[in-house]
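Got chain A sorted already, so can you dock chain B onto it with the hints?
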Amino acid sequence: MGFITGIFKTSLGRKYLMAITGAGLFGFVVMHMLGNLLVFAGPSAINEYAAKLQALGPLLWVARIGLLGMVGLHIWSAIKLTSENREARTVEYEAAVEPVDAHRRDDIVAKFAARTMIFSGLIIAAFAFYHLAHYTWKVPQINGAGADFESFYVTADFTTPLEGGEEGKDHADVFKMIITGFKVPAVSVFYVVAVGLLCVHLSHGLSAMFQSLGFKNKNIGLWMDRFAVGAAVLIFLGYISIPVSVLVGFIK
Amino acid sequence: MDKLMNLKLKVWRQDNAEDLGRFEEYEAHDISPDMSFLEMLDVVNEGLIESGKEPIAFDSDCREGICGTCSMVINGTAHGGQKGTTACQLHMRHFSDGMTITIEPWRATAFPVHRDLVVDRTAFDRIQQKGGFISVRTGSVPDANAIPVPKDDSDLAMDAAQCIGCGACVAACKNASAMLFVAAKISHLSLVPQGQPERERRALAMVKQMDDEGFGNCTVTGSCEAVCPKEISLDFIARMNREYGRALIKKGTI
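Top line first, the protein sequences correspond to chains A and B.
Quick note: the first sequence uses the numbering used here, first residue 1, plus one each step.
Quick note: the second sequence uses the numbering used here, first residue 253, plus one each step.
Isolated chain A (complex conformation):
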């Protein structure tokens, strides 16, 4: 058994994969949120930021392929590990957990976030696919706004709308896409639900990641748990602030 098989074919190796790809995806989630929050700085800020990202060219594709690879590995190992877990216990216990020391119940029963990682994860993945179709591939049929995001462009000042812009040539009006997109309540609700699940997923995943990589212990562990919950909540608030602001008309 070599190093590579040791990573891909063993329980601990797959947990490393989960943790490392999870850490990478967390990094993306943070950067994406910070980028999105530029919407509060007005149309020119976020449109210019989007234009700069687009201008990265080949580097952008390296990042995209890297992300896709991480998503693939994360989901692959999750499905593999979960199916092994299911096979490891085929007969469930009849009785609910009722320890003689009733106060110890919460320590013994796995937390909701830990029990539902595969479900929160897969729903987030489904949302991410929709989100790409919504804003990246700009499929008009699914945005529910009756608008074609493909026609939203701005002039070189990043603010003035431009009629008949061209993909790759003119700058996309990301600001208008966000406002138009989140004005649709159903879209915003799906977004908030998905980000809520991401928050639940991260509240467990971010601290389990340290354990899987062997960094956790009783001295620092409490802070890792706090970091996980704190970061998850901040990410939740950061992301939902955008659709909420659009719906209440704070940004328009």
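To be clear, the hints were calculated from the coordinates, so they are not data collected in a lab.
Do not rely on the hints blindly, as some may be mistaken.
Distance windows between CB atoms, simulated [to be verified]:
#, chain 1, residue 1, chain 2, residue 2, range
1, B, Pro394, A, Thr5, 35 to 43 Å
2, A, Asn217, B, Gly391, 35 to 43 Å
3, B, Pro449, A, Lys9, 22 to 30 Å
4, B, Asn268, A, Ser83, 26 to 34 Å
5, A, Gln141, B, Ile506, 52 to 60 Å
6, A, Ser83, B, Ile399, 25 to 33 Å
7, A, Ser83, B, Ser303, 40 to 48 Å
8, A, Gly57, B, Glu483, 51 to 59 Å
9, B, Pro307, A, Val233, 49 to 57 Å
10, A, Thr5, B, Glu298, 50 to 58 Å
11, A, Pro58, B, Ile399, 57 to 65 Å
Predicted model, so just to flag it, every value in this text is computed and none were measured.
Just so it is clear, CB atoms sit at the ideal spot from N, CA and C, and this is done for glycine as well.
Just chain B now, kept in the frame of chain A:
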């Protein structure tokens, strides 16, 4: 003497490994709160034998909490859920008169049920045989302090060495993962000088055997640590993760 108790038991009965098994209900009369849980079962079994029925099969040996033989899930909780306590050391005073107690065997694919509450835990033995030992000259006892061991390391090694291999970690884990057990065994020997020569080989081989036995994977829920009668810390799983990574890099192959 405290008031005697009457209890209802709902017990898993299974004639052999092939039998589908079912729950059966029994009544336990005049149970003293000072009895251990296993003594209560002994009383019930006496009654069953007297009435010509098969007694409930369960594992027990030392009955003082150190051998790791007793293994039952009491009201959904491995060993009953008293902190740091095996089922044999759990006393009936923790239960109240008239209550129904559900008793089930460890549930894990890697621990098939032999009969009633008795499961086959030789999967743990096979993992141990892959590396839970040190290859040294046996015979006369070495001189005391011939091999210096830092106190912190020996304390930590002893914490891991407390594992009695009862399997409660597997029973409690939602994934039936044996990682707390394997982590304790790998950590215990990796911390002391005597364990160094086989350190990498041990980590690789024991983890591989654990996987081959069909145990699940760790989701870091902490259930194992909470039910462990020897209170083995989840920190040892992190240590095992480090040991395994280190072994993969240093050795890569068994």
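Going through the hints against the structure:
no.: 1; hint: Pro394(B) / Thr5(A): 35 to 43 Å; in the structure: 39 Å, holds
no.: 2; hint: Asn217(A) / Gly391(B): 35 to 43 Å; in the structure: 38 Å, holds
no.: 3; hint: Pro449(B) / Lys9(A): 22 to 30 Å; in the structure: 26 Å, holds
no.: 4; hint: Asn268(B) / Ser83(A): 26 to 34 Å; in the structure: 29 Å, holds
no.: 5; hint: Gln141(A) / Ile506(B): 52 to 60 Å; in the structure: 55 Å, holds
no.: 6; hint: Ser83(A) / Ile399(B): 25 to 33 Å; in the structure: 45 Å, violated
no.: 7; hint: Ser83(A) / Ser303(B): 40 to 48 Å; in the structure: 46 Å, holds
no.: 8; hint: Gly57(A) / Glu483(B): 51 to 59 Å; in the structure: 57 Å, holds
no.: 9; hint: Pro307(B) / Val233(A): 49 to 57 Å; in the structure: 54 Å, holds
no.: 10; hint: Thr5(A) / Glu298(B): 50 to 58 Å; in the structure: 55 Å, holds
no.: 11; hint: Pro58(A) / Ile399(B): 57 to 65 Å; in the structure: 58 Å, holds
This entry does not satisfy hint 6, going by the numbered hints stated previously; all others are met.
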